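K.L.:
Residue strings, one per chain:
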Amino acid sequence: MPEDKELILLIEDEPQMRRFLRITLQSHGYRLVEAATGQEGLAQAATRNPDVMLLDLGLPDLDGLEVTRQLREWTQTPIVIISAREQEQDKVKALDAGADDYLTKPFSAGELMARIRVALRHAARQTAGKQEPVFILQNLRVDLAQRQVFVDEKEVHLTPIEYKLLTVLIRHAGRVITHRQLLHEVWGPAHVNEVQYLRVYMTQLRHKLENDPTRPRFFMNEPGIGYRLKFDPEE
Amino acid sequence: MEERRPSPDELLDRVRRESEQSREGQLKIFFGAAPGVGKTYAMLEAARQKRAEGMDIVVGLVETHGRKETEALLIGLETLPRRNVEYRGAFLKEFDLDNALLRKPAIILVDELAHTNAPGSRHKKRWKDIYELLGAGISVYTTVNVQHLESLNDVVSQITGVNVRETVPDFLLDRADEIELIDLPTDDLLQRLREGKVYLPEQAAAAIENFFRKGNLIALRELALRRTADRVDEQMQVYRQDKGIKDIWPAGERILVCVGHNPRSIRLIHAARRLAAGLRAEWIAVHVEAPSRVRTSEQDIKQLADHMRLAESLGAEIVTLSGQRMSEEILTYARSRNVTRIIIGKPTHPRWKDKLFGSPLDEIVRGSGDIDVYVISGDVTEHHAHREPSARTRIWRRSEWAWSIVTVAACTVVARLLFPYFERLDIAMVYLLGVVFVASRTSKWPSLFTALLSVAAFDYFFVTPFYTFAVSDVRYFITFTVMFVVSFVISRLTLRVRQQAEAARLRERRTAALYNLSRDLVRERGVMRLSEIAMKHIGEVFDSQISILLPDGQNRLAAASSGTFAFTPGQQELSVAQWVYEHRQPAGLGSDTLPGAKALYLPLIASGGVIGVIGILPKSAQDGFEPEQFHYLEAFANQTAIAIERSFLGEAAQRALLKAETESLRNTLLSSISHDLRTPLSAITGAATTLLQRDVMLDTDSRLDLVKTIQEEADHLNRIIKNVLDMTRLESGAIQVNKEWQFLEEIVGVVLNRLGDRLNDHPVTVKLAGNLPLIPFDGLLIEQVLVNLFDNAIKYTPTGTPLELSASESFYTVTVELADRGPGLPPGDEERIFEKFVRGRGVAGGVGLGLAICRTIINAHGGKIWAENREGGGAVFRFTLSSAGLPPAPKREEETSGSSSK
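Residue numbers (my numbering), protein chains in the order written: chain A, 1 to 235; chain B, 1 to 902.
There's no promise every hint is true.
What the hints assert, rightly or not - Cβ-to-Cβ under 7 Å is the rule here; a few derived chain B residues that face chain A: (1) W741; (2) G779; (3) F811.
Claimed, not checked - Partial chain B-side listing against chain A, Cβ under 10 Å, derived: (4) L433; (5) E746; (6) V750; (7) L768.
These are calculated hints, taken from the structure and not from any lab test. Just so you know, these numbers come straight off a predicted model, no measurement behind them. Idealized CB from N, CA, C, for every residue including glycine.
For reference, chain B alone in the conformation it holds in the complex (with noise of 0.2 Å):
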């Protein structure tokens, strides 16, 4: 059967991830159910196998946990020194990164995937140590139990009851190249355990207790299992892929999940992940944003952030909505997306709540249509529901509650003034009033606050009896509860308005300062002019100082530019930079990664690869940024870089170019004067040897004639070098045109002195205008002109024919023309002759450089050239140069009566 041949872009994918791999080392994982299966003796047992077959292998952490067995393997296999840490009195022994990164062994051991690494480490934890090492192109050996695994571990710790918080992402798992699943069945594991050789017996004992349950270990043995099972699935996959198997899977399954802030929707996004992973399905991570619910506060806003994050981690497109009704906004995303299954939280809400304002599940479920609706339960695990109020809300202000008391006085005070004149009801109003007052400028429980107060205000000064909070008539229960109620909901009501318009004003001030940013590059050319916008807007907007990072030519990096918003960093900051830098990835403050260090430093990556970095100090002292805040200074970064490779590309562009034009100018040079350049140097050579030749008599007359034309060749030869040369000068920018005001006429004296005998046969008249003034030119560059263009009527003109210089002035224009009286010029070829290597008609020898070279001179002084036919025959040169401005002029002195005064 023939086999379908993979499309193009197949092909390039998989060549891109051949390559990738290759350049970069292997990872190999033993995997396992629980502690105690053997990973460890498996991968030791590997390392000695490759050394046998002499591999470079090392040992660069692994831990034995005191196991005879394992320690027996280590012998004979090289093992580096571990680093050790101080913490908090404890010394602590910890891989050691940087020399493993030395020694660049071909494979390393490096036990514990799941380790968190001691604070002050590089990394935070262990697998981002062991990326760095794959990223060297170094081959790593490593361990890992399926407890540790992101997309397991709610599964896990439901399972067992015990929460693992030490946990690797799923695609580390995606990543490796290889898998090795070390299976033990249950009951040996349990006898190994009881033998003493997985812990310490009393240690043992407790295990056996808790996690190492019989029921437990089952259950992780048939995830681990599962889990090995769905990735060799997914190799052959790419096996199939590779080979041009035909998809047998039927395509189309996409999934959508519901994300909110609240903590269970982590375990939806795992739920959804198993999903997709198990369909192999697209899986999209959907919140949806209401305006009603502006009132989020910022550790909602923060929760939110991180488990799209983490649903974008585990491989979701992550996707955010806003409208008011969530169920209408998802089940219209999910149509136009072809989503086949949708999942989402049961609700822990109060049923009532549904009754009174529709439950959005209900809504989906019934509008799903062909879709199928997951609903997960919402268990919310310990560890994941401890939310500590943020800072602002747990202190509140003292002067709210000031303005709450100060209002209500202020509102009965004036309700005194007017109660005997108006109905009570009305004295109600002015406490209304008062709510709405405190709601627009406090918070939630100062408003509620207020709305208590001003009843039991309006009760004690108004309701008779006065002055007690007894009632005489029951009715006015009724009034207290409408004006509880009626204070109370304009007061969240306003308090919403508020909140919404400082979401949409702290929305609107950040969408702007991006805006200003984009806009302010754009107008922008050159590296140094954006790094200093870039600089001025982050840090404006950000209240930091700012330091961009360019790398130079052997890719480490400096400070690209200075200013007020600039720091520079240490060698030690510079060394985090570098390393963001190689790794693409951020670090520095708050951020996993060298989280010591004073400044943040994110990469700026823009579609070429990494330009560059940026480091970002705030100018307070804090932990980190916010999330929100670091997606936002993400997007000022993403704009930064786009700008300056922008001008980078446009440097190359142009660089490019002229290399481009110098070459083929070249190219053409070389063709067309190897001919030109052979012709003078044959006679020379012709000449020389005739009067080297010693049995060829020559008299003197001949002799003579034969110098002559050596001399004569040799001459030409050098118009013709110096013609070629000046061109490549010209045109490569290497002539700088330096004017210098002078008379034309000193110039002219030049050229005719120079030109000398080869003027013999034309008689030149020269005719400059008396009021010729000083003119500003480059006095070599104009005595070319003039020597090129004297050249040419002398080439192209019969011998004596005469030639007329002129020169006059006119509007600050000096026009200076040679004219001859040859034959003219061939209709259509006025402007032709000023191109380069284009030569007159019947004539041999030149470049066709020379006027080429007279235009290229003149347009460089501003001025004009042209050529065209005279009347009564021949042929008229003209060029103007300016004469506008004004020369200093020297002091004019009293001619005196005679130099002999004395």
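Extracted from the complex, chain A is given alone in its bound form (with noise of 0.2 Å):
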């Protein structure tokens, strides 16, 4: 029944971006709180405590990269962020300070609700607290409690930064992970400028477990901001 479905803040200053959004989310049956500028999105967040929110990078009162701060001092609600073009210095910023993922305008219908898919997955695993076991995606099967990789059913030997890598990304599968966020999670603190440390083992594991690594279809590359291993729950 759609009451029973999610509620979703957006935040957007935009009227016809806000109206596309509206049908298109109440037409999948969430429920919608809309605010239109980051003051009220903020206070809206605080009294209906939304499930999933969408935030508009560009906001007349506040910049997006501040309303996702203050957000992240008390919530851990996902937040999609919502960005033009030319904000990817932004849009990296926003994903650092705690921000879930990230849409470029324009975007399709599709996308969208894949993304809010993936949020609140992991907003509903998170509160569960567990992983689970075996994490399969197409040909790809990952044995987590047995450490095991297999494409095809046959199994790939990783190293351990691969595996490490590998775990990592599962973890946030669906998600896009900032190249900082992931060096940070695989090779520590210390290594989250090394950006080209990254490169080659995402080539190393694309070519492991990808048949065309020049069309990856798990380990998507991002430019300029990270890496998504392509992953929609609903498929």
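Please assemble the complex out of the two chains, which come individually in their own frames, going by the hints.
P.N.:
Printed below as a string of structure tokens:
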């Protein structure tokens, strides 16, 4: 039933965008709260306790980065950033500040829904606090308990770092992870700027796990931002 | 009769004159022959008249001298309070310039133009206050008597025997928009004086005895009338010029006046100015610098500089010639400039000198040919003549005298040793040697003293009878005389040679310093660097600290740079600098304006006007700079100003160029994209409106088709806008190339994924060489290049034709190529297609920016991009990226036997 579906807080100043998002989200059964400014958004987030927040970076009063920081002081509710193309740097900053994912305008309704689903799933898992022991993505199967990786049911050997990288990607499956976050989780805080480590290992992972590394199906590069393990819980 | 049309230059000059006048205040001078003629009275009457007309007129300062009628006129006029200045225990009431500038009336009355302000005032002279008022757009009424005019000053003192110290430059009278002559017949003036209307009775009696003698007054009246007539005549000239009336004056008179350091030169200059004004002729003040006469003292140099400046301020062109024979130089120069009259002073030296060395005056008169020569008398008026000996000549250094005595003693000892073996004449030679030695290192008097002492010692020690000054043989007197004259001449010659060498060295050093400055300035760019260089050079040469102050957006000055030679002016000093900037005149230490400041401030004047101010703070406390140093400083300041201006102009030109380019890009862009934007927009609008129509029945397929159209066209629109934005941002420099070491493969993956369904109609093969290393490039930008190349291929090749993407490395260069099997490029278009707004033939849609963006990006990476036709049909696009350098490699780890090792 639609009433049972999650509550989404939309913080966006442009009315046309709000209209499009309202129709799309409501047609998928989500409940919606709208805010046109950052301040209003912060207030709504506190009173309505939404399940996911969609946050436009270019707000008239506060910038999206500031809103993210303020929200992250007291809530772990997923935040999906909506940004224009010129805002690469702001996007990375917002993600590093704790936003969960991003969408670049213009985006399709399908992309939006996928991002919301991923965000909700991660939120749910975080509250449940457990990870499924086996991760399956098309012909890729990772047995996290046994630390085994299979492609087309054939075991693939990974180095410890490759494996660690893979598990981090799986933990964030479907979401973008910035270079900084990945480096921090895999190599530790001392190496957050050594992006080329990451590139080398990502390439190795692709060569081991993808059928055609030049047309990756799992390990997606998001230039200037980070990586994403392509995954949609609906599929 | 038809009037002659004024030439454009004349017209421009008139426009400039008029616009300058309208911006600046008007100056009206009430001009009189003597005190008491009623100038102040007339000025106040005029003021009341203006006030009755409704003008905003205030009294800045009026001296009534206790005259009742005058005081009565003041009633009802707004009077500004005076400024109290304490000076040596007395309170002086001075004109309050700042208050007047603040009040900013339309007209202000300031009496007594020639007044000298109390020490500590902003300007030394009141006329400078008035100049500032005029500059601020305030009109001024003022009064002045004829004896205060600079050019008539000497005439007046000749007539009346009274020296007038308070003078005003003549150009003020020329600057005046209106001059009202207040004339009173001499008898009437004397009558008023006796009646006590001018001075209090006891003062009046003394005045009649001295200045107000009838003869004096008549002469002064004549001077005033004539000066006014001259001025009216000038106005007539201006009027004639404006109206294009032909010049009826025989043109071509040119006067040359010979100026030296002698105070009499002042009279010559005044005489020349009067003659020039009378003839309406140009005049040139010439000084001949003879190398043989470099022994001029510093005092003389200063005097000469003062004279030349006076001549310049009176409107002369000033020229310095150099040559051995003064008469020859003057005549040659006079001929070359078509001079018609030469003014020269009467000689003051004794006649025998002329007989001996020749008379320059005589030579000029004889050689002048058709040039008239005016010889003017050389009375030296008292106040010009006081010449204090300069500090250096007054205090003879003791060591010089010691040199003299020690040397003669030494010569005596040597001569004594030689005496038994040599002739007396040879002994005399030893002394001569001593004289030369002393002259080469001391000044005039010690060398003369040495000559005398040598003769005395020679007599005492070597002439019989020995050890007395008595002389047994009269012949020795000849020896003595010759010896003295020879020593004297030798000492003078040696001295002169040394002084010449010193003068030459000084000049050489200064020229070299100036040359070094200009050479260093030429080499540098950027205002900061230029300021630093100027500060260093000027600071070194003048042993000072320097501050270069440049205006900000609001025309407030601020220190431009810092360094070892810099000083930062305080608030007080900064206001002096600000004044200099606004008035384009030097001020501060040792100048006429605000002499109380710690540093001297000079305007940095370049061709486009004042660009800033330079402050010079001498390291050692001193009253100011010598005139010569001052001129020299000005030369440095000018060099600096020109260099800084050049830098400013360069920057401005750069900005203008960038702006013009951006502008033209924007224009082309707008005209080019308006069509391209409209096409997808029309499709979207059409599809959407059809869907919205209620009365039209559409089947599901048609609806889907229309919705698909909207989606595709929106996508298309998005791509166009993205390209346009990218191009603009690339060109404006908003996008920085952010190179990171990465694999090409990753970016190819992104691109192929991003293109997605659009590649459905073109099978793509990807061949990346296995050994491709990490390459430094900007992922986002190279992604854009590949997307644009693919877009291009999709657009221009038929459906179903294959595309091949390949990359390989050789010699640290990675070459990436995209080949198609389309129609290929029209011959000759291989280069053109990378230009902006160039579209391929026969295909609609697109702005013609895609490849231009590719080229911009690849160029920014230091690579090359080009296209050519392929063997077997189709085109190939190639670009290169450098893979030189070493990426920071991650530590390789041993592959474990399996991930399940645990």
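K.L.:
For each hint, tell me whether it holds in the structure or not.
P.N.:
Checked hints:
1. W741: Holds: closest Cβ of chain A sits about 5 Å from B/W741, inside 7 Å.
2. G779: 4 Å, holds
3. F811: 22 Å, violated
4. L433: Since chain A brings no Cβ nearer than about 83 Å to B/L433, farther than 10 Å, the hint is violated.
5. E746: Cβ of B/E746 sits 5 Å from chain A, so the hint holds.
6. V750: 5 Å, holds
7. L768: 7 Å, holds
The structure fails hints 3, 4 (numbered hints given earlier, in ascending order).
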